[in-house]
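Based on the provided sequences and hints, a complete structural model is requested.
One line per chain: the protein sequences are A and B, in this order.
Per numbering that gives the first Met the number 0, residue 0 is the first one in the first sequence, and the count goes up by one each step.
Per numbering that gives the first Met the number 0, residue 0 is the first one in the second sequence, and the count goes up by one each step.
For the record, the hints were derived by calculation from the structure and aren't laboratory data.
For clarity, every value in this text was computed on a predicted model and none was experimentally measured.
There's no promise every hint is true.
Given that identical chains are not distinguished, each listed pair holds provided it fits within a single copy or across any two copies.
[To be verified] Pairs of lysine-lysine, DSSO-like flavour, derived with a Cα cap of 27 angstroms:
| # | residue 1 | residue 2 |
| --- | --- | --- |
| 1 | Lys104 | Lys136 |
| 2 | Lys330 | Lys120 |
| 3 | Lys114 | Lys433 |
| 4 | Lys433 | Lys380 |
| 5 | Lys340 | Lys433 |
| 6 | Lys151 | Lys114 |
| 7 | Lys316 | Lys63 |
| 8 | Lys361 | Lys380 |
| 9 | Lys225 | Lys260 |
| 10 | Lys240 | Lys215 |
| 11 | Lys316 | Lys120 |
| 12 | Lys114 | Lys406 |
| 13 | Lys120 | Lys406 |
| 14 | Lys316 | Lys361 |
| 15 | Lys402 | Lys380 |
| 16 | Lys198 | Lys58 |
There are 2 protein chains.
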Amino acid sequence: MVGNDHTSRVWKGDSKNFKSRYPNTGAGFLIYCLRLMKREKREMKGFFQVQTPEQLLQKIERFKPISDERVSIEDSLHRVLAEEIISTIDLPEFPRSTVDGFALKAKDTYGASEKNPVLLKVIGEIPMGVVSDIVVKEGEAIKVATGGMIPKGADAVEMIEYTEWIDPQTLSVTKPISPMENVVQIGEDIRAGEVLLPKGHFIRPQDIGLMAGIGKKEVKVYLQPKVGVISSGDEIVPIEKDPSPGEIRDINRYTITSMVKENGGIPYFLGIARDRLEDLQEKIERGLRETDFVVITGGSSVGTMDLTMEVLRTFPKTEILGHGLSIRPGKPTLLADIGGKPFLGLPGHPVSAIVIFHFFGKPILRVLSGIPKEHACDEIKIRAKASRPIPSIGGRVDYVRVKLEEKDGTYWASPVFGKSGVISHLVRANGLLKIDIHEEGLEEGEEADVFLI
Amino acid sequence: MVGNDHTSRVWKGDSKNFKSRYPNTGAGFLIYCLRLMKREKREMKGFFQVQTPEQLLQKIERFKPISDERVSIEDSLHRVLAEEIISTIDLPEFPRSTVDGFALKAKDTYGASEKNPVLLKVIGEIPMGVVSDIVVKEGEAIKVATGGMIPKGADAVEMIEYTEWIDPQTLSVTKPISPMENVVQIGEDIRAGEVLLPKGHFIRPQDIGLMAGIGKKEVKVYLQPKVGVISSGDEIVPIEKDPSPGEIRDINRYTITSMVKENGGIPYFLGIARDRLEDLQEKIERGLRETDFVVITGGSSVGTMDLTMEVLRTFPKTEILGHGLSIRPGKPTLLADIGGKPFLGLPGHPVSAIVIFHFFGKPILRVLSGIPKEHACDEIKIRAKASRPIPSIGGRVDYVRVKLEEKDGTYWASPVFGKSGVISHLVRANGLLKIDIHEEGLEEGEEADVFLI
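Have a look at this one:
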């Protein structure tokens, strides 16, 4: 895991007198003891205090939504409600028919059948959008369309399917109905004073429709979080540049800013930080000043992570919430709270960065967006069967990149194997299959949860 | 179903001599015969040629994507590729390490074990982003970080976990490795000339990352379809207006334009059309002139639908693809092709309009956006158990509004009952449970597919 200079220096000193320089020479018991001592020292140093994903996720509850603004309901799609929506009216505001048919007194239809229909006098028609003064009396019916108003005197609507014109004024009815059948009563949809949508609700098209229905034109929603994104590493170059050997184009800038957008945040790219304290410091400071959440990728090499930690310690209100996760890919993850703003350090591997942002960056973004903490991690999981055995090492949560396909109503997940760090196999995948911390892989046909990517 | 004036007129004529005007009078065999004749005539008239959803969906294949444009890869999220992405380079462009460790010759490690480690001379370190001229010789190793370049002479990387510093120049190695272990070779991720993404691909964050990785700054994507949305009905008023009794606020404008946005289209609201030929004609014409796809809601009442059909017939290249669907809710759906542009008539009920737009409007929008026809209806389905019995009438596909909840890894669907047309129960729902055309409801605990709304 670690090419750590501090650790190396300790051992360089301790092993000063040991001089076996040649390959294939057994070094035996002494090396074995040295190794044990080294392990102990690392643990004492608290290097990578590895946590489970659940432990780390509990810590994001401390973050709070930014502020709120008023927008027209048309602009509120996929935003989060910063107010309760309470109805000021009854809906419908008048009794309405739910079918095309004839409004009448239900008791006039009692006993009607195909063989023994009831005949009623049709006294007119109620056009849509029009209020009628007509009163329906015993033995009478009035034509009404779906959504039309039910006139006084009528208490039910006979569907047109169960009626027949006998002559221009006479209707035959072949089915008995009960009072209120095919009628939506005043306030049956919505009652005045009723809480329709809670604060923290994610706004979907039907919710906008509901607000339109009660005449609400504007709504208070939480601000979209601004997210500062930093790439880091001496080998990283902007994609415009032809990389020299040893250099790599900055993939993470594009994947992470896209994921921020996809999840309701507004991304700000802060640049590529070199592995130097001042450069990291400048970019992190700017991020904390100008945005609500700072994400850095490429802190996976221990050198950069150490520098990052050094920068974070210069801010008075820094609290390290986690450093190291029992997850694959993504072990070297860093989460901090800097004066109430979240700071997330992601691995430099594009694939690991995407996986960790999915499971940690996204919930943080949701909390900042105003989604209640208990729903921050809500996500649809597809139950799928492994199309072939999928190995895994226990002791960590493993997210295997899979291609999800439906065959005859069953979802099958095929692992997309490839060495870590290659982006092409994440492009071939459309899901992340979870193998839990205590499991050691899946057999063919065994079921597991798949998260969509 | 039908308050159809044409049909009524026919029967008014035919029943001229039949004079039983009084309620509760058995009309017997004559009425029975008249009813049979009426049914036959209706069928001959081809009124509501009811199709299955599958039959209608096959007909959307005729529609074509609009045109294309070049955008920066940052702006290509959730757009659809109008070109193949072919790599011009090998990725990686140099052999890279996938771990933190030591680059060496694999054969030097053969036979190494915890009890019998191999000792190697460490000849230096390769910093990230730097090309080294060092050549690794037999018995030598060089420190390398994840992503770092593998120097000449070396063919594998030993992970740091299986090494131990013996003195500042000497490393002990305790595990044998094979050639190429922990090395990504040139072109192993991506080969020059390889098709990375096909035309018609929906662009996700990882796809943008892949394009960044090969240095692609701009990409050709299909234009987002412009969708003209018309509300219709004499009873419909803008939401700003306090509706008089009998009037209803225009909910559909907001739900349908939001669903257009949610699915990658650009909505244009064309106004509320009154139930008059000229008004409908003006709005439909404007929609066909200024947008790529016209959607009208409120054509569910037969009167409006007849008017709409009359307007459509005035365009020389109109082809009616379907009129009436064996689906609930949403039977009175109209689909036409007007000179290559789709025209969709939705029911006026807000709930029905949403359901039909979900299953028909969305696939049309996807085809216009450039998604291949065979993927136009791709959608994630959640397999869920009915939390209580859900009745259904056979002979049509039934979409029951349900609330989906996860309990101990199983999804349960609870029907949200309520009369058709009430928007509040669609707000309480988050899924549509499908009961197929030949099924007659679900028992408690029985499984079915749920579509997310």
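Homomeric proximity label, Lys316 with Lys63: Cα distance no greater than 27 angstroms: within (16 angstroms within a copy, 57 angstroms between copies)
Intra/inter-copy verdict for Lys402 and Lys380 if alpha-carbon distance must be at most 27 angstroms: Result: close both inside a copy and across copies, 14 angstroms intra and 16 angstroms inter.
Within, between, both or neither: Lys330, Lys120 at alpha-carbon 27 angstroms: neither (79 angstroms within a copy, 30 angstroms between copies)
27 angstroms Cα threshold - placement of Lys361 relative to Lys316: For Lys316 and Lys361, the Cα distance is within 27 angstroms only inside one copy (23 angstroms; across copies 49 angstroms).
Homomeric proximity label, Lys433 with Lys380: Cα distance no greater than 27 angstroms: Both ways: Lys433 and Lys380 sit 10 angstroms apart in one copy and 19 angstroms across, limit 27 angstroms.
Alpha-carbon proximity between Lys240 and Lys215, which holds within one copy, between copies, both or neither at 27 angstroms: between (51 angstroms within a copy, 11 angstroms between copies)
Lys114 and Lys406: within-copy, between-copy, both or neither at 27 angstroms Cα: So Lys114 and Lys406 fail the 27 angstroms test inside a copy (50 angstroms) and across (51 angstroms) alike.
Status of Lys58 relative to Lys198 across identical chains (alpha carbons, at most 27 angstroms): This pair counts as within: shortest intra-copy Cα distance 22 angstroms, inter-copy 43 angstroms.
Lys225 and Lys260: within-copy, between-copy, both or neither at 27 angstroms Cα: both (10 angstroms within a copy, 22 angstroms between copies)
Within, between, both or neither: Lys340, Lys433 at alpha-carbon 27 angstroms: Answer is neither: 29 angstroms inside a copy and 44 angstroms across each miss the 27 angstroms cutoff.
Homomeric proximity label, Lys361 with Lys380: Cα distance no greater than 27 angstroms: both (15 angstroms within a copy, 23 angstroms between copies)
Copy assignment of Lys120 with Lys406, given that the CA separation must stay at most 27 angstroms: Neither, since 58 angstroms and 55 angstroms both go past 27 angstroms.
Hint violations for this structure: numbers 2, 3, 5, 6, 11, 12, 13, all remaining hints satisfied.
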